[in-house]
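Participant: Sequence order for the protein chains is A and B. Start counting the first sequence at 1; every next residue gets the next number (the UniProt record's numbering). Start counting the second sequence at 1; every next residue gets the next number (the UniProt record's numbering).
No lab work stands behind these hints, which were simulated from the structure alone. Careful: at least some of the hints might be erroneous.
If several chains are the same, the list does not tell them apart, and a pair holds so long as it fits within one copy or across any two.
Listed below are the simulated PhoX-like cross-link pairs for lysine-lysine, each with C-alpha atoms no more than 20 Å apart in a straight line [unchecked claim]:
1) Lys-154 to Lys-135
2) Lys-88 to Lys-154
3) Lys-154 to Lys-52
4) Lys-88 to Lys-135
5) Lys-52 to Lys-147
6) Lys-88 to Lys-52
7) Lys-88 to Lys-147
8) Lys-52 to Lys-135
There are 2 protein chains.
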Amino acid sequence: MSMMRPDAPIEIAGYQWVPPFARGFVRDLRPRWACEEAGIPYRERLADVTDKPGWLLDVQPWGQVPIMRDGDIVLFESGATLLHLGEKSEALLPRDPQQRAAAISWLMGAFNSVEPWMFEWTNVTAFARGEEWAKLRRPSLEEFIAKRLAPLEKRLGGQDWLGDTFTIADIAMVTVLRAIGGSQLLADHRATQAYVARGEARPAFQRAMSDQLAAFDRNGPPASQGE
Amino acid sequence: MSMMRPDAPIEIAGYQWVPPFARGFVRDLRPRWACEEAGIPYRERLADVTDKPGWLLDVQPWGQVPIMRDGDIVLFESGATLLHLGEKSEALLPRDPQQRAAAISWLMGAFNSVEPWMFEWTNVTAFARGEEWAKLRRPSLEEFIAKRLAPLEKRLGGQDWLGDTFTIADIAMVTVLRAIGGSQLLADHRATQAYVARGEARPAFQRAMSDQLAAFDRNGPPASQGE
């Protein structure tokens, strides 16, 4: 059963609706997934992506989701929400000092050593796809990304998750790698591809995704985007 | 006085020497700076950047520095080392729950919402500077980076640091922004430029930088790079 509860002390901010290309990739998926894994109740608060409200812009420097409230505390950046939730549950962040250190290291690796190149890959293959620079840039970028995937491929050939158990590092890395889901780049790294599929198959992931998409379906596009 | 001590329980890994373009930008600067701010003793362990040793490659998936040891614990990714050191000292990470949450949010923002574009900016303006795609990409990339800098500029016009006090978020953000130091892009954001200068002027920053550079000068290039 979904952990969404209207009166939960934790609030996760997402969007009411996003255009089709962004469906399934909005980053409040990350803390939603973490809450589902750990059985932590949360409520959602949804912003209009076409007309971002003050309660989002006042907290998040770049107007991005998610932001998260926990009682009086407010956080932004999905990585910060994962670290915050991790402190609440051993199902997300092990208490063993070395396992904890490894999980936080891999989480930072996902956000700073892998995702930066995913951002530009999405630019090159989608947003700027028709531009000359994007066509010229793609080969060297994919070569670089393959070097970032190689150590993951080696590691995930021998184990299910980045550490001994599933942690917030896997929530980070699986959601980062989903950006190249369906690409030849990921298909060329079969253990990594299987890892992403393993993450997406978890019931907690599926509940989080389902709740995120349900909001989009329920709300539909804002009037300014309608026909 | 520098916090480097040969027998310190904390070990920070850096490089023996790097080529001139990388001087001052190697990322073990971040945990060194944090140790200097908090008065935490550390020892350095230096790897040959042209022939990376097993003790680095076995720990760090991409063979990057820094890695950090603290007794039996080993971490990688400079962000993870900052979070780990932050737990040791209020001079790095406030104990007030909201100030702590804000510092971790800004730290993640530096690593995931700002630095990704600095990586590509360095590619475009340095490593790939002669390539056609790099010339074509530069204007749109700089336009995007300016949007990332705008909220920083607004915030830092009114306060010295990202939070109420200096924290690991500032170590992260200042070192991220140094990548565009000296550029018109940074000069166009005067409050942010002054913030970077304020960070670099701190005695702890200067000791960390001085110790990093001293190793390069002491060791010089490896034989394979010599004349």
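Participant: Decide, hint by hint, whether the structure agrees.
Facilitator: Verification of the supplied hints:
no., hint, in the structure
1, Lys-154 to Lys-135, "neither (29 Å within a copy, 36 Å between copies)"
2, Lys-88 to Lys-154, "neither (31 Å within a copy, 34 Å between copies)"
3, Lys-154 to Lys-52, "between (42 Å within a copy, 18 Å between copies)"
4, Lys-88 to Lys-135, "neither (45 Å within a copy, 47 Å between copies)"
5, Lys-52 to Lys-147, "between (37 Å within a copy, 16 Å between copies)"
6, Lys-88 to Lys-52, "neither (30 Å within a copy, 38 Å between copies)"
7, Lys-88 to Lys-147, "neither (34 Å within a copy, 34 Å between copies)"
8, Lys-52 to Lys-135, "neither (33 Å within a copy, 33 Å between copies)"
When each numbered hint is compared with the structure, violations occur for hints 1, 2, 4, 6, 7 and 8.
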